[in-house]
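For the record, the sequence lines run as chains A and R. Taking our numbering, the leading residue of the first sequence gets 1, the next gets one more, and so forth. Taking our numbering, the leading residue of the second sequence gets 1, the next gets one more, and so forth.
No lab work stands behind these hints, which were simulated from the structure alone. In this text, all values refer to a predicted model and were calculated from it rather than measured experimentally. Where a beta carbon is used, it is the ideal one built from N, C-alpha and C, also for glycine. Treat the hints loosely; a few may be bogus.
Claimed, not checked - Calculated lysine-lysine pairs in the PhoX-like style (CA-CA distance at most 25 Å, straight line):
no.: 1; chain 1: R; residue 1: 291; chain 2: A; residue 2: 32
no.: 2; chain 1: R; residue 1: 128; chain 2: R; residue 2: 291
no.: 3; chain 1: R; residue 1: 82; chain 2: A; residue 2: 100
no.: 4; chain 1: A; residue 1: 32; chain 2: A; residue 2: 100
As the list claims (entries may be wrong) - So these bits of chain R aren't anywhere near chain A, every CB distance computed over 12 Å:
no.: 5; residue: 9
no.: 6; residue: 73
no.: 7; residue: 101
no.: 8; residue: 135
no.: 9; residue: 199
no.: 10; residue: 206
no.: 11; residue: 207
no.: 12; residue: 244
Spelled out from the first residue to the last, the chains are:
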Amino acid sequence: MELLGLYHYWVFAILLMIGFYAVIAKRNLVKKLIGLSLFQAAVFLLYITMGKVDGGTAPIFAGDGATVFSNPLPQVLILTAIVVGISTTALGLGIVVRVKEEYGSIEEHEIQEIDER
Amino acid sequence: MIVIFGIFLLTLLVITAIAIVRTENLFVAVMLMGIASLLLAANFFLLDAADVALTEAAVGAGISTVLFLGALALTSESERSKPTNRLLSFTVVAAAALVLIYATFDKPRFGDPEAPVQTHVAPWYLEKTPEYIDIPNVVTAVLGSFRGYDTLGEVFVVFTAGIGVLFLLGGGKASGVLPEEKVNEGLRHHLIPRVVGRVLIPFILLFGLYVQFHGEYGPGGGFQAGAIIAAAVILFALLEGEKRALSVLPERVLLGLIACGPLLYGAVGVAGILLGGNFLDYSVLSSDPVKGQQLGILIIEAGVGITVTGVLLGIFHAFAARER
Numbered sequence: 001m002e003l004l005g006l007y008h009y010w011v012f013a014i015l016l017m018i019g020f021y022a023v024i025a026k027r028n029l030v031k032k033l034i035g036l037s038l039f040q041a042a043v044f045l046l047y048i049t050m051g052k053v054d055g056g057t058a059p060i061f062a063g064d065g066a067t068v069f070s071n072p073l074p075q076v077l078i079l080t081a082i083v084v085g086i087s088t089t090a091l092g093l094g095i096v097v098r099v100k101e102e103y104g105s106i107e108e109h110e111i112q113e114i115d116e117r
Numbered sequence: 001m002i003v004i005f006g007i008f009l010l011t012l013l014v015i016t017a018i019a020i021v022r023t024e025n026l027f028v029a030v031m032l033m034g035i036a037s038l039l040l041a042a043n044f045f046l047l048d049a050a051d052v053a054l055t056e057a058a059v060g061a062g063i064s065t066v067l068f069l070g071a072l073a074l075t076s077e078s079e080r081s082k083p084t085n086r087l088l089s090f091t092v093v094a095a096a097a098l099v100l101i102y103a104t105f106d107k108p109r110f111g112d113p114e115a116p117v118q119t120h121v122a123p124w125y126l127e128k129t130p131e132y133i134d135i136p137n138v139v140t141a142v143l144g145s146f147r148g149y150d151t152l153g154e155v156f157v158v159f160t161a162g163i164g165v166l167f168l169l170g171g172g173k174a175s176g177v178l179p180e181e182k183v184n185e186g187l188r189h190h191l192i193p194r195v196v197g198r199v200l201i202p203f204i205l206l207f208g209l210y211v212q213f214h215g216e217y218g219p220g221g222g223f224q225a226g227a228i229i230a231a232a233v234i235l236f237a238l239l240e241g242e243k244r245a246l247s248v249l250p251e252r253v254l255l256g257l258i259a260c261g262p263l264l265y266g267a268v269g270v271a272g273i274l275l276g277g278n279f280l281d282y283s284v285l286s287s288d289p290v291k292g293q294q295l296g297i298l299i300i301e302a303g304v305g306i307t308v309t310g311v312l313l314g315i316f317h318a319f320a321a322r323e324r
């Protein structure tokens, strides 16, 4: 049971690093942004995991006599972070589209070659 | 039972993430991202975060996929080059993952009610929300009132990102009227999507409004509602074509919405000062402080919803209107 409780945190670590791998190893700019989104998703998972309380329920007083609630604070932070995340990803995609129009490519090394010319 | 289900979902999530990174077809990667978001949303739900699950499902699985597809249509659908320094990158990543996993052994047990994160300020919010604000959803209370400054900041980040995308993609080649044959007709000539869409869109809009105004009582609020309403309009644009969607909600109106939200939010804050309270102190908005808090939250949630709808739709149209 002890190990089972750590599973959520391990998934966080692995997911974070899968996203990070895409950011550092892949050369395609869209793929880098996808990796960044995965990285972000892992952080979301960590916060929400930490807010969970055994036997708790969602922090809404529904009048059904529930007394144990999960932590509302991480939920508030992540709720706004998700929407901010999509906005910044969209900004990144906008830059990638402009890069494609100017350089004719979205592969990192090809862009660098054009820049060095 | 729920624990086993959670572990199943998390394992699927890791498998999906590996597939996303491995595939060289970006179209496949984006579709898998949608699936990963849905899995993540289901997980959030199991972890008692109903509000977050709703947001992730609407934003991650819905809008994010559409935006990525829009960007792919303007760039390319597959990666052309192999990863750089694959071995080195993998070593770095694996080492970092091992360090992170080693660190997890010091973390409090999953779900421990005595963990530091549960014993600091969280009980205060749970205890005082009925007294100060008296709405059932504590997440909305913290978001709208106790941490109203944070949310104002987030709204401005969304606002800035929307303006940024419009600056990057709004002008240039996209300006001017598209030639007739290039106008995106959407799926207007396909019967089944059109009929299904027509039935669905009013209900999606209605659900969006419900989520917006019921956010104090159940899971929901401006962020989720904005994403859901934007998704309904995007569905309309996909089915009926860009032009019709823009005749329903012209670009001027969208720009107005983008600016209106932060202004509304800020105006509530300033109204608090003018009525003798602090910035974003809603208690003074009404003779009864608790009623004032509720009124303030209702208005700022509307501001958030307006901004998010406007920004997401503005971004979508900026991508869709760009000439290929």
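Query raised in the report: Hint by hint, which ones does the structure fall short of?
Result: 1, 5, 6, 7, 8
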